[in-house]
Amino acid sequence: MNNGDQEYMNLLNQAKQELDHPEKNISEEKQKHIILSGKNRAKWTNIFSILTVLLLIIPVLTLMTYVYYAWGDRANTLIAVVDQTMYMTEPNVSIDEMKLETKLGFFTMDMEFDLFKRVGKDDITIGSYSVPFLFDKANIPTRNYKIDSPPVDVPQDKDNPFSNSDDWSKIEHLPEGTVTEAYVSFDKVYSLEDTKALFKKYDLDVRWYAVNTGLEDKDQSTDGYYLIPIGFPAQVDSNRWSPYNGDKKNEEVFIESLKFLQKHEKVATTVSHGKELDLKKRLNYINQHGITVYGAVITGPTKEILKLKEESFILSMKRGEVRLWNWGS
Amino acid sequence: MELGFLRKKRENQLTNKKNTITGTISLCLALLAIFLFNIGLVSKTNYFSIELIFTTTQMSLVFGVIGLITRKNRRTYAIWALSLCLFIFLFSFLMIGLSWMINPKP
Chain A
1 MNNGDQEYMN LLNQAKQELD HPEKNISEEK QKHIILSGKN RAKWTNIFSI LTVLLLIIPV
61 LTLMTYVYYA WGDRANTLIA VVDQTMYMTE PNVSIDEMKL ETKLGFFTMD MEFDLFKRVG
121 KDDITIGSYS VPFLFDKANI PTRNYKIDSP PVDVPQDKDN PFSNSDDWSK IEHLPEGTVT
181 EAYVSFDKVY SLEDTKALFK KYDLDVRWYA VNTGLEDKDQ STDGYYLIPI GFPAQVDSNR
241 WSPYNGDKKN EEVFIESLKF LQKHEKVATT VSHGKELDLK KRLNYINQHG ITVYGAVITG
301 PTKEILKLKE ESFILSMKRG EVRLWNWGS
Chain B
330 MELGFLRKKR ENQLTNKKNT ITGTISLCLA LLAIFLFNIG LVSKTNYFSI ELIFTTTQMS
390 LVFGVIGLIT RKNRRTYAIW ALSLCLFIFL FSFLMIGLSW MINPKP
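Chains A and B, in that order, give the protein sequences.
The numbering of the first sequence is my numbering, which starts it at 1 and goes up by one.
The numbering of the second sequence is my numbering, which starts it at 330 and goes up by one.
Just so you know, these hints were derived from the structure itself, not from any lab.
Each hint should be verified, as a subset may be incorrect.
[To be verified] Only some residues are given here: those of chain A computed to face chain B with a beta carbon under 10 Å: (1) 63; (2) 66; (3) 79; (4) 102.
[Said to hold, decoys possible] A few chain B residues that don't get close to chain A, going by computed Cβ distances all over 12 Å: (5) 348; (6) 375; (7) 381; (8) 383; (9) 384; (10) 388; (11) 400; (12) 401; (13) 419; (14) 423; (15) 424; (16) 430.
Remember, it's a predicted structure, so these values are computed and weren't measured experimentally.
Just so you know, even glycine gets a beta-carbon here, dropped at the ideal spot from N, CA and C.
Chain A extracted, bound-state conformation (with noise of 0.2 Å):
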């Protein structure tokens, strides 16, 4: 090896050794503008890390929330769980479904919606109703009534709407140009048919059957908490959405929900204004029995429920709500 080649070996050894290690190559100013560059890209990627991370939390939990209730069909079962335990626990009361409103939380969904009933040949608003749930867990519902007599939440057997006869008295003073809704007990069960037959002759809508499940003459479950009655509408709903829509015999609508309330029976329980509902008891009798009926919410002109008090079905009376004449000319 001559001069010229260990000469040329040697910027061979130098220039690999600056490639290894070319920091010894930089000099100490631009070290120190690396290591603070350095730094304050490292600041900046910190900062856009947490400033990601806290913005994706809200976001993120609400899509969860979204595939929660609409995995399974959660949030429509659960909808159509309160809608028909209304049609079937409050008596002449319907529901928009149109406008019934979900709002979603974080993994909460609180449903609102109004309540109607018909008096006469108009349906009034008599309130609106809250229901909270926590995932699918119903809380206790928030009723904002608009009327001046909302029903009780668990009515005491004095308060019972069917053992009150006074209430013959209070329509008896009732101009003729009213109309009237008001809850009809029977002296025994009767069948639907028979139960048509029986307001015939009268210029009167019946609105909704309290069916007989076999519970109702004490009036308790059988864990002993009042009973409230169920039933089902007796018209046909003209909104499409109702389940009370004519696609199906209302009696049939009944026993379905029945038996799918049954399914969802502590959503339907916490939903109604009952402490217990009973349903697979209920059920049972009504496969037994077939569906008989003790009661009934009938609407009309005020003279024309009055000429029931000599009607020797009818056992009391409860005075429902009561407008202006609305039933036509």
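On the provided structure of chain A, position chain B as indicated by the hints.
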């Protein structure tokens, strides 16, 4: 000459590690869009319109793509911003679909 090129490249790797300006702008815009989204979700109002949020996202997308094709500097922020834009679009798409599945009445 080859050694000189390699040396320069290695030196650049050490010193020129700044993110692209377009990538940084893109990331800031994407974070702003998500921030506006958050306000909308928390307040449940349309105080910031959907148009504003999507305009911000689209601007972030444009800057992000430019940042991505800039070869000289780091592209981390650009990729980061584009991921956030993708999340916003995916989130909106899923939310519309899921909203239709829940209480699907006209």
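Hint check, residue 79(A) versus chain B [nearest Cβ-Cβ separation less than 10 Å]: 6 Å, holds
Hey, does residue 348(B) actually stay past 12 Å from chain A on C-beta? Residue 348(B) is in fact no farther than 12 Å from some Cβ atom of chain A, at 7 Å.
Confirm or reject: residue 383(B) is not an interface residue toward chain A, with every Cβ-Cβ distance exceeding 12 Å. Label holds. Min Cβ-Cβ 15 Å, cutoff 12 Å.
Beyond 12 Å from each Cβ of chain A, as asserted for residue 384(B): 18 Å, holds
Determine whether the non-interface label on residue 401(B) survives the test: each CB of chain A must be over 12 Å from its CB. Since the minimum Cβ distance to chain A is about 15 Å, residue 401(B) lies beyond 12 Å and the statement holds.
Please check whether the beta-carbon of residue 430(B) is more than 12 Å away from every beta-carbon in chain A. 4 Å, violated
Using Cβ atoms and 12 Å as the threshold, tell me whether residue 388(B) really stays out of contact range of chain A. At roughly 17 Å from the nearest Cβ of chain A, residue 388(B) sits farther out than 12 Å, so the non-interface label holds.
Beyond 12 Å from chain A, beta-carbon-wise, is residue 424(B)? 6 Å, violated
Does the CB of residue 66(A) sit less than 10 Å away from some CB of chain B? Where the cut-off is 10 Å and the nearest Cβ of chain B is about 4 Å from residue 66(A), the hint holds.
Beyond 12 Å from every Cβ of chain A: is that where the Cβ of residue 375(B) lies? 15 Å, holds
Does residue 102(A) pass the interface hint, meaning its C-beta sits closer than 10 Å to a C-beta of chain B? 5 Å, holds
Compute the least Cβ-Cβ separation between residue 381(B) and chain A, then decide whether it is above 12 Å. 16 Å, holds
The structure does not agree with the numbered hints 5, 13, 14, 15 and 16 stated previously, though it agrees with the rest.
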